[in-house]
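Trainee: The primary structure of each chain is shown beneath.
Number of protein chains: 2
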Amino acid sequence: MKLTILGCHSATPRAHHHPTSQVLEMKGHMFLIDCGEGTQVQLRKNKVKFSRIKHIFISHLHGDHFFGLVGLISTFRLLGREAELHVYGPKGIKEAITLQLKLGNSWTNFPLLFHELEQTSSEIIFEDDVVRVTTIPLDHRVYTNGFLFQEKEGLRKLNIEAAIEAKIDSSYFQKLKQGHDVKNREGVQISNETVTFSPEQPLSYAFCSDTVYYPQIVEQIKHATVLYHEATFLTSHEHLCEKTKHSTAEQAAKIAAMAGVGHLILGHYSGRYADLELFKEEAQVYFEEVALAGDGKVFEYD
Amino acid sequence: MKLTILGCHSATPRAHHHPTSQVLEMKGHMFLIDCGEGTQVQLRKNKVKFSRIKHIFISHLHGDHFFGLVGLISTFRLLGREAELHVYGPKGIKEAITLQLKLGNSWTNFPLLFHELEQTSSEIIFEDDVVRVTTIPLDHRVYTNGFLFQEKEGLRKLNIEAAIEAKIDSSYFQKLKQGHDVKNREGVQISNETVTFSPEQPLSYAFCSDTVYYPQIVEQIKHATVLYHEATFLTSHEHLCEKTKHSTAEQAAKIAAMAGVGHLILGHYSGRYADLELFKEEAQVYFEEVALAGDGKVFEYD
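Heads up: the protein sequence lines correspond to chains A and B, in order.
At position 75 of the first sequence (counting the first as 1) the number is 57 in the working numbering, and the numbers step up by one without a gap.
At position 121 of the second sequence (counting the first as 1) the number is 103 in the working numbering, and the numbers step up by one without a gap.
Bound conformation, chain A alone (with noise of 0.2 angstroms):
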């Protein structure tokens, strides 16, 4: 599992700081979350294949989230692309890049789907053989929604010595690798446990921006491989977060430590502050695991 940080800062792109979208690769998938003013240059600097890119989640319709989809998508028209590109986010969203592709007279040549939400209780919304994303309503200005991507849980992995050793027919590894017990050459029924190994642990990525704090998210998210949490301001300025609706660092790690998650990253960092490092320094007395979202980082997991 890896994730790129195109961007992480809140409000208004600048020339180094670029608004909220990332890049997650996950069982072969590339899921697009979020895309912000600029997230097509941040794809290319990051070198990212456009074509890859097959599903786009939007967590809500504020501008440092959605601004750079129509012109993704035009560009993928200008490519040539075929494929079909899956769109999911906040109902509105599809009348929004229709309505300016519409009037470019620019509508694409390969499929454009959007799958609307508006559900304020969280949904499966993706789903095949190794992956299922699962939305996670958040509590901010506008509808917003956090997505939970986590992997299936493999086959059973084949320990072939034991099975030579316990007598059993390769045509029978298949029905191993999927958990059954089998009978041997001899007749013998040999459990499924001594001849294989177990599948390899399903890694999981939350990814909850924009919100306040919101402990209701803590059940679902429980035990994620990853957690990406907002973290616009310190608790200096906390007065400031029921207004806005944005978390402090401090919150962030304590849904983090709630939820038993595995690793806290930071992001959506408010302008105002120029030393970011004491975003990790506030938010580690309450959760060890904390990184720091920056603009082309990249974090692997596995």
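Among these hints, one or two may not hold up.
Pairs involving identical chains hold if they fit within one copy or between any two copies, as the list cannot separate such chains.
SDA-like mimics (lysine to any residue), calculated; alpha carbons at most 20 angstroms apart, straight line [said to hold, decoys possible]:
hint	residue 1	residue 2
1	LYS236	PRO93
2	LYS27	ARG(-4)
3	LYS227	ARG59
4	LYS31	ALA(-7)
5	LYS134	GLY161
6	LYS27	ALA(-3)
7	LYS29	ALA(-3)
8	LYS159	GLU182
9	LYS27	ASP277
10	LYS29	HIS(-1)
11	LYS29	HIS(-2)
12	LYS73	LYS236
13	LYS225	THR90
14	LYS279	ASP151
15	LYS227	LEU60
16	LYS31	SER88
17	LYS31	ARG(-4)
18	LYS159	LYS227
By construction, these hints were calculated from the structure, which means they are not laboratory data.
Position chain B relative to chain A; hints supplied.
Mentor: Quick look at chain B alone, frame taken from chain A:
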């Protein structure tokens, strides 16, 4: 008159190739012309004070000319702007911008005034004591206008020594500047041109992008101080012009020559050309005073 090129490349933004946007400073005004994605970052890089921009002119609704507008307007809002902002552009622009602001529940606190254009003949769209802005109808794949920015002729300049010599009372000086003849203290009629100098020659700037070769514009832009004309292709790709409704460097130069402008600036280059000097060489066969636009380049005229 000062022109700052923020971006001058066609189609998709890249790390060092920005889509169309320019700032024209004329008689105290700071006009923003077109606003491709990333324009707000280019404005910051080029140290343009956001608060000085009060009028934005959008030629047409292709993404590389207007996808940066909604982000710029949002940033104005976040910066606490209070001054009016006037946006001139094709019909539909108001709906596209306001829909996105509405979806983000982030309407501006400052007056945002749209002047939607749909005439296919030239019209004056802005005028005050010192400047006039007129549309230049162009021929592109969608409804498109260029813009002609014209300084108005200023007051005549007083030849103060000659006026004293002619015994004219200073209370008549303003009348002299306005071009009137006056009587001196002895009741003798004094001819204006004997005691004043001609006003400065008013400057003008014609912005013409995007368009196919379109000689109909020549009459309107005749003797303009500066013409910016798109040159998407070299003549080697002239066969693409009719379908895409773009021009070659040669065609731009022919327009400049027919109109007898002072200077020609080329831009909107297709991404297929590595060596932009070829545009200049091609154009100079037909018109000598050619310059190449470049992102961040500044042109000054007086």
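Trainee: With reference to the structure, classify each hint as holding or not holding.
Mentor: Do the hints match the structure? See the list:
no., hint, result
1, LYS236 to PRO93, "neither (42 angstroms within a copy, 42 angstroms between copies)"
2, LYS27 to ARG(-4), "both (16 angstroms within a copy, 8 angstroms between copies)"
3, LYS227 to ARG59, "between (36 angstroms within a copy, 18 angstroms between copies)"
4, LYS31 to ALA(-7), "between (26 angstroms within a copy, 18 angstroms between copies)"
5, LYS134 to GLY161, "within (15 angstroms within a copy, 85 angstroms between copies)"
6, LYS27 to ALA(-3), "both (13 angstroms within a copy, 7 angstroms between copies)"
7, LYS29 to ALA(-3), "both (19 angstroms within a copy, 12 angstroms between copies)"
8, LYS159 to GLU182, "within (12 angstroms within a copy, 88 angstroms between copies)"
9, LYS27 to ASP277, "both (11 angstroms within a copy, 18 angstroms between copies)"
10, LYS29 to HIS(-1), "both (18 angstroms within a copy, 16 angstroms between copies)"
11, LYS29 to HIS(-2), "both (17 angstroms within a copy, 15 angstroms between copies)"
12, LYS73 to LYS236, "neither (31 angstroms within a copy, 50 angstroms between copies)"
13, LYS225 to THR90, "between (39 angstroms within a copy, 18 angstroms between copies)"
14, LYS279 to ASP151, "neither (48 angstroms within a copy, 74 angstroms between copies)"
15, LYS227 to LEU60, "between (38 angstroms within a copy, 16 angstroms between copies)"
16, LYS31 to SER88, "neither (23 angstroms within a copy, 33 angstroms between copies)"
17, LYS31 to ARG(-4), "between (24 angstroms within a copy, 14 angstroms between copies)"
18, LYS159 to LYS227, "neither (47 angstroms within a copy, 60 angstroms between copies)"
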